[in-house]
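*Asks:* Single-letter residue listing:
2 protein chains.
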Amino acid sequence: MTNEFEVTPYRVSGEIDYDVLIERFGTKRIDEAMLKRLSRYGPLHPMLRRGLVYSQRDLDWLLNEYDKGNKFSLYTGRGPSGPVHLGHLIPWAFSRYLQDTFKVKMWFQLTDDEKFMFYDHLTLDETKKWGYENALDFIALGFDPELTKIFLDTEYIKTMYPLAVRAAKKITFSTIRAVFGFDNSYNIGSIFFTSIQTVPCFLESVEQGKKIPCLIPCGIDQDPHFRITRDIAEGLGYYKPALIHSKLMPSLAGPEKMSTSGNREMAIFTIDDKKTVKRKTSNAFTGGRVSVEEQRKLGGQPEVCSVHAYFNYFFESDDAKIREMYDECRAGKILCGECKERLFEKVWNFLEVHQKKRLEAKKVLDDFFVRD
Amino acid sequence: MTNEFEVTPYRVSGEIDYDVLIERFGTKRIDEAMLKRLSRYGPLHPMLRRGLVYSQRDLDWLLNEYDKGNKFSLYTGRGPSGPVHLGHLIPWAFSRYLQDTFKVKMWFQLTDDEKFMFYDHLTLDETKKWGYENALDFIALGFDPELTKIFLDTEYIKTMYPLAVRAAKKITFSTIRAVFGFDNSYNIGSIFFTSIQTVPCFLESVEQGKKIPCLIPCGIDQDPHFRITRDIAEGLGYYKPALIHSKLMPSLAGPEKMSTSGNREMAIFTIDDKKTVKRKTSNAFTGGRVSVEEQRKLGGQPEVCSVHAYFNYFFESDDAKIREMYDECRAGKILCGECKERLFEKVWNFLEVHQKKRLEAKKVLDDFFVRD
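Chains as they are written, first to last, in the working numbering: chain A, 1 to 372; chain B, 1 to 372.
Quick caveat, the hints were computed from the structure, so don't treat them as lab data.
These numbers come from a predicted model, not from an experiment.
Take the hints with a grain of salt, since some may be wrong.
Stated by the list, open to error - Keeping only pairs whose Cα atoms sit at most 16 Å apart, straight-line, the calculated EDC-like set for lysine to aspartate or glutamate is: (1) A:Lys158 - B:Asp125; (2) A:Lys158 - B:Glu234; (3) A:Lys158 - B:Glu360; (4) A:Lys210 - A:Glu234; (5) A:Lys158 - A:Glu234; (6) B:Lys158 - A:Glu293; (7) A:Lys333 - A:Glu293.
To be verified - Which residues of chain B face chain A? A partial, calculated answer using Cβ under 10 Å: (8) Phe116; (9) Phe118; (10) Leu124; (11) Pro162; (12) Ser185; (13) Asn187; (14) Ile188; (15) Ser190; (16) Ser195; (17) Ser205; (18) Asp367; (19) Phe369; (20) Val370; (21) Asp372.
C-beta: ideal position from N, C-alpha, C; glycine also.
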């Protein structure tokens, strides 16, 4: 029953089979040839080496353009509905690598309008506030202020709206139903919203007054928005955006997407304190056995372990070390408590620095933000 | 078969029974008591006396508030899809009367976004251009620059969008289907649009930072938008807007709504030259008989005559004179050629002055326009 999962920007459920998803969405796997090609621009990011960034659309074309001297812009974003957790940092950290490697402009969208329209409990003031909070996490990852523009939809709408309206004219409700699974009970703002999400990949073209390619690094759950964008881009006079997709970092509860809308114990937030991180890592779901004896005998199951996933996604950049941890677990040579302790240290070391950078980011917000 | 007509902001067809429409829409007739009440603020406008402005919502409440010292704002608008014709001037001329009588602020919306999204053949640049052209006609009617704000949706969107998004969250596609008759093949911009049309009646409240009543003078075909607005206004923290509805001036082809999207010969545009006005008035549909003899014998039918309608709506403010023209026609004492000639003179006298005022309006555009 591998097909019993669902992935859209608004619903991720079941245990995702990422191979099936490539077929379902019609994307292309990042294969050996592509990895080789990418490695010519600089060292491969661990997430590429490990297949965590694993799927793409038109990446070959984008690199061909780049090789001809046509730089692309990057576009990614965040729905500011609450604090950022480590899973959110995945595509951003990867985006940072892309900016460093290709020296290109990043447009970072904060969809305060979207999160307000999709969540009953949030006001527009709250999503806006979270937008500014979340931007601190983004900036803290080290993006180049000269090459990075951050905007809130409601603050950049005068620039975006004419483009969104041109996009909206080309998208019917039938398409929205088919792509996102919305029915007639959805509010008309949520139905319109994908037009707003379509705009940022054209912003560099608008700014430069000529067609500029765009690459969108994002979680694969966001792909449906950009299938629509790709369908209409050329009709609007722009290139179709290229995409590069990451898998979704599992929650501390096991192999499901992290979600802040679920239990807040199941994710580590960038603003969590040491004690909280300790508690959450200690309570994490692992692939351990019912007893120490059994684990020594049978070995653990790192393939379903959230602690191992955290190392793999973010906290162990050394491939040899990751393999070693995997093998030791399998062989029953290491127990869950040890891994949890090691993860806690890695996470807290990271967060301690990140939290300082977050505070520093407050001083430079205005170097990054664009408003109408 | 009186029910075989349709009136929505996007479709007017059949011969409208305005009495049935009041029941269908659930509005209130402007009765003798209301006319008496209105006459206390100043001389009644001819369109009120003649029942051409004939329906309302919450007008009693609005006047109660006014009497207590709570001024209201006015809101009306225009979908800028082409030149303005005389039928468009009806609610505007009436709005001018309201502004003069009550000394209140007018918010005039130019929905360049709407017309672009609803008309295949128009670009956003074109609807914007028409917006500025149409504003000249509005200003030419003599609105007070101190009390009148004109805006294009795309130019005032930063102010409007947060309000539109709050409105949109409360409106489902089911409602849009029921109210406007849209199906799944409609584009998502057209589905979203009513949120934008909802905003201007709250703008005065936003500007003053407190709840201000709003009165919307409009053709009755626009009522469906504001039924939605009224349903959600209080939930957004504002008063429900009050409405005052005019009938739709018939086209030169007879008792149907003027429409610029139909045959351009069937309406007189404010930018038509003398020769064109002459031709159009000469070719107008009348209630005349097949021969002079028959007309002398049977009398004409002023009740279906577009020439008579033009006098009644706009070009004869003297009620006694209108009655006399009606009776003379009925009695066969006057022939269509005479009426057409008289109408031509009235129309051209008006347009000659209006066209000068239109040109003068160009110099004062910036006194009226607001932009983000």
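*Asks:* Each hint should be assessed against the structure and marked as holding or not.
*Replies:* Now the hints, each set against the structure:
no.: 1; hint: A:Lys158 - B:Asp125; verdict: 15 Å, holds
no.: 2; hint: A:Lys158 - B:Glu234; verdict: 27 Å, violated
no.: 3; hint: A:Lys158 - B:Glu360; verdict: 30 Å, violated
no.: 4; hint: A:Lys210 - A:Glu234; verdict: 13 Å, holds
no.: 5; hint: A:Lys158 - A:Glu234; verdict: 22 Å, violated
no.: 6; hint: B:Lys158 - A:Glu293; verdict: 64 Å, violated
no.: 7; hint: A:Lys333 - A:Glu293; verdict: 11 Å, holds
no.: 8; hint: Phe116; verdict: 6 Å, holds
no.: 9; hint: Phe118; verdict: 9 Å, holds
no.: 10; hint: Leu124; verdict: 6 Å, holds
no.: 11; hint: Pro162; verdict: 5 Å, holds
no.: 12; hint: Ser185; verdict: 5 Å, holds
no.: 13; hint: Asn187; verdict: 5 Å, holds
no.: 14; hint: Ile188; verdict: 5 Å, holds
no.: 15; hint: Ser190; verdict: 8 Å, holds
no.: 16; hint: Ser195; verdict: 6 Å, holds
no.: 17; hint: Ser205; verdict: 16 Å, violated
no.: 18; hint: Asp367; verdict: 22 Å, violated
no.: 19; hint: Phe369; verdict: 15 Å, violated
no.: 20; hint: Val370; verdict: 13 Å, violated
no.: 21; hint: Asp372; verdict: 5 Å, holds
Hint check: violations occur at hints 2, 3, 5, 6, 17, 18, 19, 20; the rest are consistent with the structure.
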